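Undergrad: For chain A, the structure is supplied; the task is to place chain B on it using the hints.
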Amino acid sequence: MNTQWMKTDVLVIGGGTAGTMAGIKAKQANPDLNVLILEKANIRRSGAIAMGMDGVNTAVIPGNSTPEQYVREITISNDGIVDQKAVYQTGKLGYEVIQELESWGVKFQKDAQGNYDLKQVHRVGKYVLPMPEGKDLKQILTRQVKRHKVNVTNRVMATRVMVKDGRAIGAIGFDVRSGDYIIIQANAVILSTGACGRLGLPASGYLYGTYENPTNAGDGYSMAYHAGAELRNIECFQINPLMKDYNGPACAYVASPFGAYTANAEGNRFISCDYWSGQMMLEVWKELNSGNGPVQLKMTHLDETTIAEIERILWANERPSRGRFHEGRGEDYRTAGVEMDISEIGLCSGHSASGVWVNEKAETTIPGLYAAGDMASVPHNYMIGAFVFGRIAGQEAVEYLKGLTYLEPDPEFIELERQRIYAPLAQPGGIPHTQVEYKLRRLVNDYLQPPKVSHKMEIALKKFTQYHESLSLMGAQDPHELMRCMEVHFIRDCAEMAARASLFRRESRWGLYHYNVDYPEKNNDEWFCHVNLKMNESGEMILFKRPVEPYIVDVNIETEVYDVAVR
Amino acid sequence: MALTIQRVDVPVIVDESKCLEKCVACIEVCPLDVLVKNPETGKAYMKYDECWFCLPCEKECPTGAITVQIPFLLR
Numbered sequence: 056m057n058t059q060w061m062k063t064d065v066l067v068i069g070g071g072t073a074g075t076m077a078g079i080k081a082k083q084a085n086p087d088l089n090v091l092i093l094e095k096a097n098i099r100r101s102g103a104i105a106m107g108m109d110g111v112n113t114a115v116i117p118g119n120s121t122p123e124q125y126v127r128e129i130t131i132s133n134d135g136i137v138d139q140k141a142v143y144q145t146g147k148l149g150y151e152v153i154q155e156l157e158s159w160g161v162k163f164q165k166d167a168q169g170n171y172d173l174k175q176v177h178r179v180g181k182y183v184l185p186m187p188e189g190k191d192l193k194q195i196l197t198r199q200v201k202r203h204k205v206n207v208t209n210r211v212m213a214t215r216v217m218v219k220d221g222r223a224i225g226a227i228g229f230d231v232r233s234g235d236y237i238i239i240q241a242n243a244v245i246l247s248t249g250a251c252g253r254l255g256l257p258a259s260g261y262l263y264g265t266y267e268n269p270t271n272a273g274d275g276y277s278m279a280y281h282a283g284a285e286l287r288n289i290e291c292f293q294i295n296p297l298m299k300d301y302n303g304p305a306c307a308y309v310a311s312p313f314g315a316y317t318a319n320a321e322g323n324r325f326i327s328c329d330y331w332s333g334q335m336m337l338e339v340w341k342e343l344n345s346g347n348g349p350v351q352l353k354m355t356h357l358d359e360t361t362i363a364e365i366e367r368i369l370w371a372n373e374r375p376s377r378g379r380f381h382e383g384r385g386e387d388y389r390t391a392g393v394e395m396d397i398s399e400i401g402l403c404s405g406h407s408a409s410g411v412w413v414n415e416k417a418e419t420t421i422p423g424l425y426a427a428g429d430m431a432s433v434p435h436n437y438m439i440g441a442f443v444f445g446r447i448a449g450q451e452a453v454e455y456l457k458g459l460t461y462l463e464p465d466p467e468f469i470e471l472e473r474q475r476i477y478a479p480l481a482q483p484g485g486i487p488h489t490q491v492e493y494k495l496r497r498l499v500n501d502y503l504q505p506p507k508v509s510h511k512m513e514i515a516l517k518k519f520t521q522y523h524e525s526l527s528l529m530g531a532q533d534p535h536e537l538m539r540c541m542e543v544h545f546i547r548d549c550a551e552m553a554a555r556a557s558l559f560r561r562e563s564r565w566g567l568y569h570y571n572v573d574y575p576e577k578n579n580d581e582w583f584c585h586v587n588l589k590m591n592e593s594g595e596m597i598l599f600k601r602p603v604e605p606y607i608v609d610v611n612i613e614t615e616v617y618d619v620a621v622r
Numbered sequence: 012m013a014l015t016i017q018r019v020d021v022p023v024i025v026d027e028s029k030c031l032e033k034c035v036a037c038i039e040v041c042p043l044d045v046l047v048k049n050p051e052t053g054k055a056y057m058k059y060d061e062c063w064f065c066l067p068c069e070k071e072c073p074t075g076a077i078t079v080q081i082p083f084l085l086r
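Protein chains in written order, with the numbering used here: chain A, 56 to 622; chain B, 12 to 86.
Bound-form chain A, shown alone:
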């Protein structure tokens, strides 16, 4: 294996929604800087929106809603535990993002008068903006990345952020095809690697049959943790209502504005709102366990034209293989509902609130290290939030690095990381990553899938801390397998964080996301706070409370309780 050294002013790790925008914005802010996007796949088709997106879920468009209304909605739906200043950014800057995307050729749905055709899916406001032609989103972003002369290195996976004198100074990784060892010096590093979508094991047993793009293995969560950054509200898991077995969205955000709704087996509504929240997921869980299941997305009452339109959108965007999944089973939206199930757990602030802690400037607690997108702890941030925080991170990074010079990485750190990465290649006859990953994720299901039980999570924690031993037995026969092996390391780190954070918060909150049967009630007196975690100087994972930042939009969380149950 060769060693390659690179230098760049700004290093963006992960070229999905947030990462491409971060690269573009950094270059717009200062075209003289070198900006590099590092991507383990190919930015043309990578990240959560590899096959486009059928709608925007958090569009705050003047005349329809205000940033203040949006902040209120998210504060209530996330049970009050939000940094409102960060959430406000998505409300404030989302409109500019939409306009810029439009100028690049992204099409959003408009009404006959040419106004954005917003739909209500949230409990109160209209924030969902359909984009039925959104299948080319990633190619459009890729074109802009090239046009802005952002450098791109595909097929390299980062494994560690380098830190010196208390600031981020680059990253280490390897080429997943050649196996080359890659050391990149940078003056600012932006992590935008997406969710930890491979934490729980899907009920199908297929390791890659996940809701999130399975490349998103929690890379950034793990890298930020090892860099010493704080992570936040990891116990607020991502759990989604998904098409059973297919494990993708059905998708109520698209279908409910057309009149579809979530129902039990009898066809009766049991939730008043299809917006994804932990409280909604708790109602789905109760219904499934009540004898009224299975749960379905009901469309049989809609007319032919409407159903055909829903099919056209769902089968062309985001997860276009939905159509052939139904076809293979002889299912038709005209004659039966779509059977829904509860997904395995993941970490993703794009949908819930579990992420690397960032403030309203996308700064982590390590100077020079930024985070954006699904992995950054801005609750319910979705795609527009990823664009907004990618934009902020790119701009802030350029501002930050003025006057900084490259720091030489520590040779001992580089050597230790080299040994850690390449260990599986040195034992090609070791246990395959597939088995090591399967067992780890099966343990996540056994012991962490809510409802959470303290005794079970204690067992989980013990097993995850002991799992380093299993990791050391993994063997890889080529650089591709090595990539999967190192992803299992990320997943293990996330599993330990998930167990510790869930044990730490001794109450229940966010519906099913943190439903703890030992402490079944919400306890605002003791737990109206964030739970942050980090690695201390001895290398131990420590957890602590951080107060919720003062609200900038007044919300009384004692009286305004999020409840979507139909009783």
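Worth flagging that the hints you see were computed from the coordinates, not collected in a lab. Small disclaimer: the values here were computed from a predicted structure and weren't measured. Even glycine gets a Cβ: it sits at the ideal position worked out from N, Cα and C. It is possible that part of the hints are untrue.
Here are some chain B residues pointing at chain A (derived, C-beta under 7 angstroms) [said to hold, decoys possible]:
(1) M12
(2) C30
(3) E61
(4) L66
(5) G75
(6) L84
(7) L85
(8) R86
TA: This is chain B only, laid out in the frame that chain A set:
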């Protein structure tokens, strides 16, 4: 360790009569990097059973040589 090789049904099917030897479109766009060329035939095939059935390989193949099936476990 003692290892064995297990047969698995893979989701990505390549029609070799249509696959172009000098083309790498499917290989370049696969997020999970599971497609490679058979060095002897120059045809693409799915080497690793790690598929998100996301379809870029099928959509970007210039000759329509690729069919993505839903993985058997989910089908």
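Undergrad: Now tell me if each hint is right for this structure.
TA: Hints, one by one, checked against the model:
With its C-beta approaching chain A no nearer than about 5 angstroms, M12/B sits inside the 7 angstroms limit, and its interface hint holds. Hint on C30/B is violated. Least Cβ distance to chain A is approximately 19 angstroms, over the 7 angstroms limit. Because the smallest distance between the Cβ of E61/B and any Cβ of chain A comes to about 5 angstroms, under 7 angstroms, the interface hint for this residue holds. Given the 7 angstroms rule on beta carbons, the hint for L66/B holds: about 5 angstroms separates it from the nearest Cβ of chain A.
The criterion of a C-beta within 7 angstroms of any C-beta in chain A is not met by G75/B, whose closest approach is roughly 15 angstroms, and the hint is violated. About 4 angstroms separates the beta-carbon of L84/B from the nearest beta-carbon of chain A, less than 7 angstroms, and the hint is met. Checking L85/B against chain A: minimum C-beta separation of about 5 angstroms stays under 7 angstroms; hint holds. For the restraint placing R86/B at the interface with chain A, the shortest Cβ-Cβ distance is roughly 6 angstroms, inside the 7 angstroms limit, so the hint holds.
When the structure is compared with the earlier hints, violations turn up for hints 2, 5 and for no others.
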